[in-house]
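All chains should be built: construct the whole structure from the sequences, respecting the hints.
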Amino acid sequence: MKNLILVNFYGIIGIIGLCRNKLISLRQNKNVIGKGVLILCIISLYIVINELKEININDYGYLRVCNVLNIDFGYDGIGLVFIILTIYLGIISIISNWENIVSKKETYMILLMSLIILMGLNFICLDLISFYILFESTLIPLYLMIGIYGGSNKNKAAYYVLIYTLCSSLFMLLAIVMIYVLYNNVDFVTINSKIISMELQSVLLIGLMIGLGVKTPLVPIHTWLPTVHSESPLGGSILLAGIILKLAIYGIIRILLSNISEISLLYAPILYVIGIITIIYSSLVTLSQTDLKVIIAYSSISHLGVCILGIFSNNLLGIVGSLILCLAHGFVSPALFILMGGVLYDRYHNRVLFYYQGLTQFMPIFAVYLVFFSFCNTGTPLSYNFVGEFLCISGAIIKHPIIGAFTAASVILSACYQFKLTNKLTSGAFSKYLHVTYDLLYREHFILLFLAIPTLILGIAPNVISNILYLSSNALIYSIVV
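If you count by the UniProt record's numbering, then the sequence shown holds residues 1 to 482, one letter each, in order.
Among the clues, some could well be false.
With a straight-line cut-off of 27 Å between C-alpha atoms, the simulated DSSO-like cross-links for lysine-lysine are [said to hold, decoys possible]:
1) LYS154 x LYS194
2) LYS432 x LYS420
3) LYS194 x LYS156
4) LYS104 x LYS156
5) LYS104 x LYS154
Derived DEER-like restraints, expressed as beta-carbon distance ranges [stated by the list, open to error]:
6) ILE365 x ILE270: 14 to 24 Å
7) LEU173 x ILE412: 37 to 47 Å
8) ILE71 x LEU200: 35 to 45 Å
9) MET178 x LEU69: 22 to 32 Å
10) ILE221 x VAL464: 30 to 40 Å
11) ILE457 x GLU99: 39 to 49 Å
12) ILE457 x ILE365: 12 to 22 Å
To be clear, the hints were calculated from the coordinates, so they are not data collected in a lab. Note that the structure is a prediction, hence the values are computed from the model and not measured. Ideal Cβ positions, reconstructed from N, Cα and C, are used throughout, including at glycine.
Spelled out as structure tokens, the structure:
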């Protein structure tokens, strides 16, 4: 992991040095930055995958790597898996906007790289203050990315993501300050060894859940996400759906379940109700939407509601299932955004559902990918989503059969809205609003294939990742099982 930090540090310095070289023209600058960032991500992915092969966790579940500016950085199996997902989707997001972004391409690539690095650091920091700072720092490149490269309503979307998440995270900051004042320490391992009173745990849970719940997001504090997704550039939507929303799930597991697990059991019924409302409400709203990107955004909210029910089922199946569903969603949801907001929008510059019909007639490869990822999004067997949803539902049933029944309803509801979308786009007569256009480019085919392969392979052989997640989740589950 030290190699990863050093490679990124020297890589960024090298890219900046090349760009400031007067022998390189402005047009070459754009290509140097784009290719440099892409190569840096590929090298980082190689280093982290090698680290995953040799993973060895200590009694607390962490392997400390280094101390930088008095901040401990380390990882366990959960953090390492999410770092791999971050870098993998970073590569996908860079390639997806390679041709779309024409003006200020070098600025866009720098913002994209900054966002990838900040998200990756979130998964390896080992104290609350650095987690909070990095958690909020992701807003800066995301805000600028939406504000500069977003759609026609980009200013509203940029302010939405800033105001919603920044204001809600102040409650999270208050909870962290309370912990620091009382214990003079915010290290994850140290706090986990402290005995915290139930009254204090209650206050901490409320503060942390407000901050993390908005970022998840949960109903009724979810309204920022559809607007932000609809106006965000394609690379921003990929990272927002694939990683940024998962930071909140990671924070809930890492902070709440590890450190204030006792009060989580008492508040669990309230959190179950919020999760069930999130699943049902977002699924029903999805059925009434006409904007293609908004439909995918609401489907993300529904799936994250399932993750919440899995987490607070307070058993190993539910927690590991929620982590697996997060990983699976990190492959499928970006693929759907590429199909809707990339492939179709690049050709027709329209995201209205009723504008499209009969695309199978002249875009057969597009239709195959759409049907494949639609099946995956509904949790069809042999997809990685199926493994995550099955474990989440199993964990919820173990906790209470009624909760399990509501969790299982998400499978039916997701099939309703997903196949309404797929049927409208691919079936029927050729729409009179459309003109015949070309099918997928090699670049689009490449990135969709590289999202489909892990979804299928991990769906067939989930033990590749699930064994690591089970091992790391044991440190959490021992403290919360009753």
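Hint check results:
1. LYS154 x LYS194: violated, 45 Å
2. LYS432 x LYS420: Given that 27 Å is the threshold and the Cα spacing comes to 20 Å, the pair holds.
3. LYS194 x LYS156: violated, 43 Å
4. LYS104 x LYS156: Given that 27 Å is the threshold and the Cα spacing comes to 21 Å, the pair holds.
5. LYS104 x LYS154: holds, 16 Å
6. ILE365 x ILE270: 14 to 24 Å: violated, 47 Å
7. LEU173 x ILE412: 37 to 47 Å: holds, 40 Å
8. ILE71 x LEU200: 35 to 45 Å: violated, 25 Å
9. MET178 x LEU69: 22 to 32 Å: Since MET178 and LEU69 have Cβ atoms about 24 Å apart, the given range 22 to 32 Å holds.
10. ILE221 x VAL464: 30 to 40 Å: With Cβ atoms ~35 Å apart, the hint holds.
11. ILE457 x GLU99: 39 to 49 Å: violated, 28 Å
12. ILE457 x ILE365: 12 to 22 Å: holds, 20 Å
In the structure shown, a violation is registered for the earlier hints numbered 1, 3, 6, 8 and 11, in ascending order.
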